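*Asks:* Sequence:
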Amino acid sequence: GILVANDTQVYMAQQPGFKLEPLMRQDQAVARDSSYKVRYVLGGYVQGKLANIEFKFLVNKNGFLLSGAKLVARSVEYFNHLSPQDISVQINYPESGIGSNVTYVEILCTQNNNEGGAYLVAGGIGERLVSVIIEAKHTQNFNYQAKYHGLP
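Heads up: the sequence shown begins at 419 in our numbering, then just goes up one per residue.
Some hints could be false.
Think about it this way: if two alpha-carbon atoms lie no more than 27 angstroms apart in a straight line, the pair counts; the simulated DSS-like pairs of lysine-lysine are [stated by the list, open to error]:
| # | residue 1 | residue 2 |
| --- | --- | --- |
| 1 | Lys455 | Lys555 |
| 2 | Lys455 | Lys565 |
| 3 | Lys565 | Lys488 |
| 4 | Lys565 | Lys555 |
| 5 | Lys455 | Lys488 |
No lab work stands behind these hints, which were simulated from the structure alone.
Only a predicted model underlies this, so the values are computations on that prediction, with no experimental measurement involved.
Between the sequences and the hints, there should be enough to build the whole structure, so can you do that?
*Replies:* Here it is as structure tokens:
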């Protein structure tokens with residue numbers, strides 16, 4: 419499910435002793451329409467090329483190959499405002515019930531600038547749930563696509 423969180427500082431104040439864990443961030447090229455693409459990652463993978471065949475394998479935090487990991491869920495959301503605003507969105511996997519054992523999460527955001535971040539607030543790799551707050555600062559248009567990989 420999607421919960422709009424007003425501010426990570428407010429969220430942290432409501433959760434005494436809690437510490438946000440930032441996701442790994444990779445800024446991408448600016449698009450033709452001057453929007454910024456920002457990629458956030460939780461978990462890891464190894465990729466390369468062998469005999470002109472590209473490969474990508476999910477690995478755990480110790481670098482061991484995770485066989486059988488697959489895409490288990492996606493979520494997409496679009497926000498458009500008349501004027502620039504600070505946006506904070508909390509996304510959760512699974513939306514309900516019991517999820518797969520999470521191995522990798524990738525979130526691709528498109529926004530008007532590259533200000534913001536993504537923070538793990540619950541669950542994580544090796545667990546059956548993930549909750550992330552995504553922030554975009556001073557943006558008029560914002561969208562994200564989240565992909566969750568896991569083991570049954």
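*Asks:* Run every hint past the structure and note whether it holds.
*Replies:* Outcome of the hint check:
Restraint check: the Cα-Cα separation between Lys455 and Lys555 comes to about 14 angstroms, which is no more than 27 angstroms; the hinted pair holds. Restraint check for Lys455 and Lys565: satisfied, since their Cα atoms lie roughly 16 angstroms apart, inside the 27 angstroms limit. Taking the CA atoms of Lys565 and Lys488, the gap is about 10 angstroms. The hint holds against a cut of 27 angstroms. Distance check on the hinted pair: Lys565 and Lys555 sit about 22 angstroms apart at the alpha-carbon level, within 27 angstroms; holds.
A C-alpha spacing of about 24 angstroms is found between Lys455 and Lys488, which places the hinted pair at or below 27 angstroms, so the restraint holds.
Hint violations for this structure: none, all hints satisfied.
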